[in-house]
Amino acid sequence: MNLRRIFPPRVVAVWLVIYVALLLLPTVQGITGFPLYNLIFLYLVFFWITQATSWNILSGYSGYFSFGQAAFYGGGMYTTTILGSRYDWDLLPTLPVAALVGAGIAFLTGLLVFRLRKLSGEIFALFTLAVALGIGALVQNWRVLDGGRGIVLGQLDYPDLLGDTTEMLYYLGLTLAVIALLAAYVVQRSRFGAGLFAIRDDEKVAEAIGVPTFRYKMLIFTVSGALAAASGGLHAVQVGFISTDVGFGLRVAVFVILMSVVGGRRHWFGPLLGAVLIQTVTDRMAGAGYAEANQIVLAAVLIAATLFLRGGISARLVERPLPPVLGFVLGFVGTFVAGYPAITAAAWGMAVGLVVLFVPDRFLPQRRSWTRGGSAPGGDGDGSGAGTDDGIEDGHRIEGDEVIEPSDPASPTKETGR
Amino acid sequence: MSTTQTSTALLSCHGLVKTFGGLHAVDGVDFDLYEGEIRGLVGPNGSGKSTMINVLSGHLTLDDGQIRLDGVATERLQPHRIAELGMARTYQIPRPFGTLTVRENVEVAAHFGASEPQPDDVHDEAQRWLEFVGLAGVADELPDTITLHQRKLLELGRALATRPRVLFLDEVLAGLNPRELAHGIDLVRRIGSLGVSIVVVEHLMRVILDLCEHLTVLNFGKVIAQGEPEACLREDAVVKAYLGDAHA
Amino acid sequence: MTVLLQTLATGVALAGLYSIFAIGLSLGWGLLHTINFAHFSFVLLSAYVTYELSATGGWDPLTTIVVTVPLGALLGLGLQLFVTTFKIDVFGTLIVTFGLFLMFEAGMAMQWSADLRRIPAELNPYFTSALVIGPIRVSMLLAISTVMALVTCLGVWWLLQHTATGRGIRAFVQEPEMAAAFGVNYRSLALVIAGIGGATAGLTGTVLGMYLSLTPTIIEVWIAVVFAVVLLGGLANPIGVMGSAFVIGMVESVTRQFADPALARLAALVVLIIALVFRPEGLFKRLVEEARE
Ligand SMILES: Nc1ncnc2c1ncn2[C@@H]1O[C@H](COP(=O)(O)OP(=O)(O)O)[C@@H](O)[C@H]1O
Ligand SMILES: [Mg+2]
Chain A
0 MNLRRIFPPR
10 VVAVWLVIYV
20 ALLLLPTVQG
30 ITGFPLYNLI
40 FLYLVFFWIT
50 QATSWNILSG
60 YSGYFSFGQA
70 AFYGGGMYTT
80 TILGSRYDWD
90 LLPTLPVAAL
100 VGAGIAFLTG
110 LLVFRLRKLS
120 GEIFALFTLA
130 VALGIGALVQ
140 NWRVLDGGRG
150 IVLGQLDYPD
160 LLGDTTEMLY
170 YLGLTLAVIA
180 LLAAYVVQRS
190 RFGAGLFAIR
200 DDEKVAEAIG
210 VPTFRYKMLI
220 FTVSGALAAA
230 SGGLHAVQVG
240 FISTDVGFGL
250 RVAVFVILMS
260 VVGGRRHWFG
270 PLLGAVLIQT
280 VTDRMAGAGY
290 AEANQIVLAA
300 VLIAATLFLR
310 GGISARLVER
320 PLPPVLGFVL
330 GFVGTFVAGY
340 PAITAAAWGM
350 AVGLVVLFVP
360 DRFLPQRRSW
370 TRGGSAPGGD
380 GDGSGAGTDD
390 GIEDGHRIEG
400 DEVIEPSDPA
410 SPTKETGR
Chain B
0 MSTTQTSTAL
10 LSCHGLVKTF
20 GGLHAVDGVD
30 FDLYEGEIRG
40 LVGPNGSGKS
50 TMINVLSGHL
60 TLDDGQIRLD
70 GVATERLQPH
80 RIAELGMART
90 YQIPRPFGTL
100 TVRENVEVAA
110 HFGASEPQPD
120 DVHDEAQRWL
130 EFVGLAGVAD
140 ELPDTITLHQ
150 RKLLELGRAL
160 ATRPRVLFLD
170 EVLAGLNPRE
180 LAHGIDLVRR
190 IGSLGVSIVV
200 VEHLMRVILD
210 LCEHLTVLNF
220 GKVIAQGEPE
230 ACLREDAVVK
240 AYLGDAHA
Chain C
0 MTVLLQTLAT
10 GVALAGLYSI
20 FAIGLSLGWG
30 LLHTINFAHF
40 SFVLLSAYVT
50 YELSATGGWD
60 PLTTIVVTVP
70 LGALLGLGLQ
80 LFVTTFKIDV
90 FGTLIVTFGL
100 FLMFEAGMAM
110 QWSADLRRIP
120 AELNPYFTSA
130 LVIGPIRVSM
140 LLAISTVMAL
150 VTCLGVWWLL
160 QHTATGRGIR
170 AFVQEPEMAA
180 AFGVNYRSLA
190 LVIAGIGGAT
200 AGLTGTVLGM
210 YLSLTPTIIE
220 VWIAVVFAVV
230 LLGGLANPIG
240 VMGSAFVIGM
250 VESVTRQFAD
260 PALARLAALV
270 VLIIALVFRP
280 EGLFKRLVEE
290 ARE
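Residue numbers (numbering that gives the first Met the number 0), protein chains in the order written: chain A, 0 to 417; chain B, 0 to 247; chain C, 0 to 292.
For the record, the hints were derived by calculation from the structure and aren't laboratory data. Careful, some of the hints might be misleading.
[What the hints assert, rightly or not] Interface residues of chain A toward chain C, partial, derived using beta-carbon atoms under 7 Å:
id, residue
1, Leu132
2, Asn140
3, Gln294
4, Leu301
[What the hints assert, rightly or not] From the structure, some residues in chain A lie toward chain C, with a derived Cβ separation under 7 Å:
id, residue
5, Leu111
6, Leu125
7, Phe126
8, Ala129
9, Glu291
10, Ala298
11, Ile302
12, Leu306
If you're wondering where the values come from, they're calculated on a predicted model, not measured in any experiment. Glycine is no exception: its CB is placed at the ideal position from the N, C-alpha and C atoms.
Let the sequences and hints guide you as you build the complete structure.
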């Protein structure tokens with residue numbers, strides 16, 4: 000395996016910096032005392048990144064659209080809850096068990112559905128929904144598991160090293176998100192990912208060129224289930240009172256679908272973008288008491304993204320990373336300096352970034368120089384990750400010498416293809 | 000017809016049967032293909048040519064009969080296992096992977112395909128086949144932005160990138176203009192000279208006569224003639240099948 | 000014996016409710032290539048309208064169908080226009096109507112809050128009274144809905160089999176190009192079907208408005224079982240819908256009677272899962288087979 004091609008040093012460096020910064024954040028919080036709520040908020044962002052990414056490596060990559068995220072998420076949640084509250088397990092060992100349970104549910108579901116050749120995408124979607132609701136109904140009615148009254152999850156033990164509960168959730172949530180993103184990233188760049196993409200576009204042809212479609216679908220489904228369940232297990236601690244409504248309701252499926260569709264299902268960081276964006280918006284709207292209005296807005300965004308934004312935000316960002324990232328930074332810094340809380344400032348930053356992102360191309364001349372320029376500075380955040388990332392696939396062919404060619408007549412037609 | 004030579008055939012089929020409901024789409028076909036051969040498979044519309052390919056590539060399960068690819072029984076294998084053994088095909092109506100670029104389409108095929116030889120570098124391998132079929136210039140386009148001719152070439156390039164020993168071409172040359180056709184014929188010949196055994200399904204007799212030393216003629220799922228192209232086409236059964244009884 | 004008959008009667012009554020709920024979805028999916036998640040919202044909205052008109056307006060709940068049925072039909076038409084305007088494929092409709100479902104849910108939560116809404120018993124004679132035949136009791140409401148279901152499904156069946164509209168739409172689903180060449184105007188026929196589907200949602204809503212204590216999310220528990228009926232029934236096959244509704248209604252009824260009532264829904268889901276595994280095309284044939292690829 001060509002590790003340097005899968006993990007180009009520049010990309011690794013950028014993401015490592017972000018990772019270390021996030022690792023240090025709780026300590027910084029302890030020293031500077033910025034609102035603790037920000038850590039809780041970030042935990043939720045990590046949680047949704049993990050869930051959405053786990054959904055996307057199955058549904059975005061292989062095209063098998065699942066409405067059954069709750070089967071794995073809820074399965075993991077109940078695993079941790081039952082082991083912790085009835086058998087007094089420590090938190091950490093419950094998470095791998097939760098992952099196993101999620102993997103098991105996914106594996107069995109996969110055996111059922113993928114054995115059937117005739118199963119079309121729509122049926123798969125509804126089938127997974129039925130499995131999630133079925134497991135929910137089972138848990139609700141079965142005394143051994145829940146019996147319909149819900150379970151209170153008290154304090155679970157965990158290593159002191161992880162700090163108080165908020166910090167512990169933050170660190171573990173971050174870890175799971177990193178694992179999920181790493182999985183999504185590696186899969187996307189590997190032979191496995193190529194096979195999944197082929198399955199997504201035309202499964203019969205994929206099989207005919209030699210993609211072992213059944214094995215691949217089973218594998219990705221199982222991995223997806225394991226990730227979702229581990230993250231659900233951790234989330235049980237945050238939720239505290241576990242009921243089948245929380246575990247197996249429609250909500251998780253709604254949000255992972257929304258986040259991935261908006262962020263973009265074909266790229267490993269699509270769900271990341273979607274999760275950050277939608278969790279931020281939801282947090283601000285709910286905080287202001289507009290939960291219902293938020294749901295309406297998000298649903299409208301889902302519809303619009305399905306109709307008009309096939310590749311999601313990520314597809315467009317990959318094409319043109321710099322202006323929206325600059326827009327975000329300006330919006331964020333501007334509002335933050337004006338005295339608004341960080342999350343509100345982030346929301347405004349995103350709003351500006353999005354507006355810039357969707358400025359029609361003709362208002363932004365010299366598009367090619369933007370695109371290639373995006374990988375050069377390599378300074379900040381998601382955007383430059385996107386830029387460099389785009390550069391690698393064809394890095395050794397283009398070698399950056401086309402960077403300063405703003406008026407290349409071939410460039411507009413070439414890149415609007417996507 | 001050539002049962003005495005079965006032992007040396009690269010692909011050897013015996014008594015293939017495939018029915019749809021009551022319809023015998025393939026009805027007791029024997030068929031041998033030799034190393035390095037370019038074979039024509041012809042017959043009127045609906046005679047079972049595409050169904051033959053679907054059966055051989057594993058897309059459809061066989062109702063009866065045996066298939067040996069270099070001695071390995073493939074009739075119960077999944078299509079991807081058959082591809083690993085070195086069988087590749089194109090589709091009558093091109094079926095590119097729609098969200099992947101032309102290059103990525105070929106790269107996926109290079110990633111998978113025959114289990115040996117494995118390509119050293121998938122990227123280079125894809126580039127080689129893109130150049131071979133003449134698509135290097137549009138490598139970074141999406142399939143729906145290129146012409147039909149180019150999509151057919153993409154079918155070819157993708158099939159070749161799987162490093163096949165046996166290649167089925169289902170009407171890849173249909174619907175091309177004369178210049179494209181000449182290019183296509185030349186391309187098939189060059190593929191043949193790489194040592195790939197090819198089965199060409201085609202309606203245009205000129206193409207078949209140009210390319211093939213051997214012909215198999217199907218009608219209603221049965222082999223009605225086999226052998227030298229000119230001789231085949233003169234046979235009564237073949238004339239009847241194509242032109243109807245009145246002309247025989 | 001009585002127990003068996005009672006179980007059967009309950010099963011039939013549930014089957015009526017399920018088939019009238021599922022028929023519109025089944026038509027949309029099988030004939031219009033629209034998997035309409037928002038059908039559930041149309042039903043719930045109609046249920047709220049029935050509630051509002053009878054609880055505050057003092058209407059006899061059953062008469063509210065003169066409002067809910069046209070309302071449902073309009074919603075169905077609107078959706079169909081939307082789908083054709085944007086040329087949304089089957090899969091797209093699933094996501095888009097899911098979005099609509101969420102919008103409706105939030106909208107209804109804003110309008111009616113999360114509190115339980117129920118038509119007062121004294122205004123709701125159909126719910127409180129029962130049809131008694133010998134030893135068997137069936138809720139009057141379920142009896143009425145069963146009759147409605149029979150009439151609706153048979154009517155749709157007749158429409159599809161014996162009218163020009165039905166022939167046209169079936170021809171189009173089977174061979175779009177051919178049908179178009181023969182002058183079938185798909186757009187207007189599709190509107191007819193969409194309108195009928197929506198109207199059945201209005202009808203279902205009125206029944207549920209009398210049957211349930213309404214909350215904005217109450218409809219979620221119906222999703223799985225109704226889709227089960229749709230899938231098992233064979234798409235766009237009204238007789239199949241009735242058949243599969245009967246199977247599922249009986250499974251629930253038997254579970255309620257002889258095992259734990261709480262397990263009834265679970266049993267229905269298990270039936271769906273088993274059936275999909277062994278007969279993914281449903282227990283009943285699609286009324287109209289589509290062209291091969
Ligand atoms: N999937 C299928 N289901 C039912 N009938 C089929 C199917 N595929 C092909 N057929 C029928 O089998 C016969 C042979 O078709 P085909 O192999 O496509 O012919 P050709 O490629 O020689 O034109 C035709 O009558 C066709 O209608
Ligand atoms: Mg054919």
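Against the structure, the hints come out as follows:
Interface restraint check for leucine 132 of chain A: the shortest CB-CB distance to chain C comes to about 4 Å, inside 7 Å, so the restraint holds. A hinted interface residue such as asparagine 140 of chain A counts as satisfied when its beta carbon comes closer than 7 Å to some beta carbon of chain C; here the least separation is about 5 Å, so the hint holds. Taken as an interface hint, glutamine 294 of chain A checks out: its beta carbon lies about 4 Å from the nearest beta carbon of chain C, inside 7 Å. The interface hint given for leucine 301 of chain A is met, as the beta carbon of that residue sits about 4 Å from the closest beta carbon of chain C, less than 7 Å.
The beta carbon of leucine 111 of chain A comes within 5 Å of a beta carbon in chain C, closer than 7 Å, and the hint placing it at the interface holds. For the restraint placing leucine 125 of chain A at the interface with chain C, the shortest Cβ-Cβ distance is roughly 5 Å, inside the 7 Å limit, so the hint holds. The beta carbon of phenylalanine 126 of chain A is positioned within 7 Å of a beta carbon in chain C (closest approach about 6 Å), and the interface hint is therefore held. Here the hint on alanine 129 of chain A is kept, as its CB sits about 5 Å from the closest CB of chain C, short of 7 Å.
Interface restraint check for glutamate 291 of chain A: the shortest CB-CB distance to chain C comes to about 4 Å, inside 7 Å, so the restraint holds. Interface hint status for alanine 298 of chain A: upheld, as the beta-carbon distance to the closest one in chain C is roughly 4 Å, under 7 Å. Among the interface hints, the one on isoleucine 302 of chain A holds; its C-beta lies about 4 Å from the nearest C-beta in chain C, closer than the 7 Å criterion. Against a cut-off of 7 Å between C-beta atoms, the interface hint on leucine 306 of chain A holds, since the closest Cβ of chain C lies about 5 Å away.
Consistency with the previously given hints is maintained throughout, with no hint failing.
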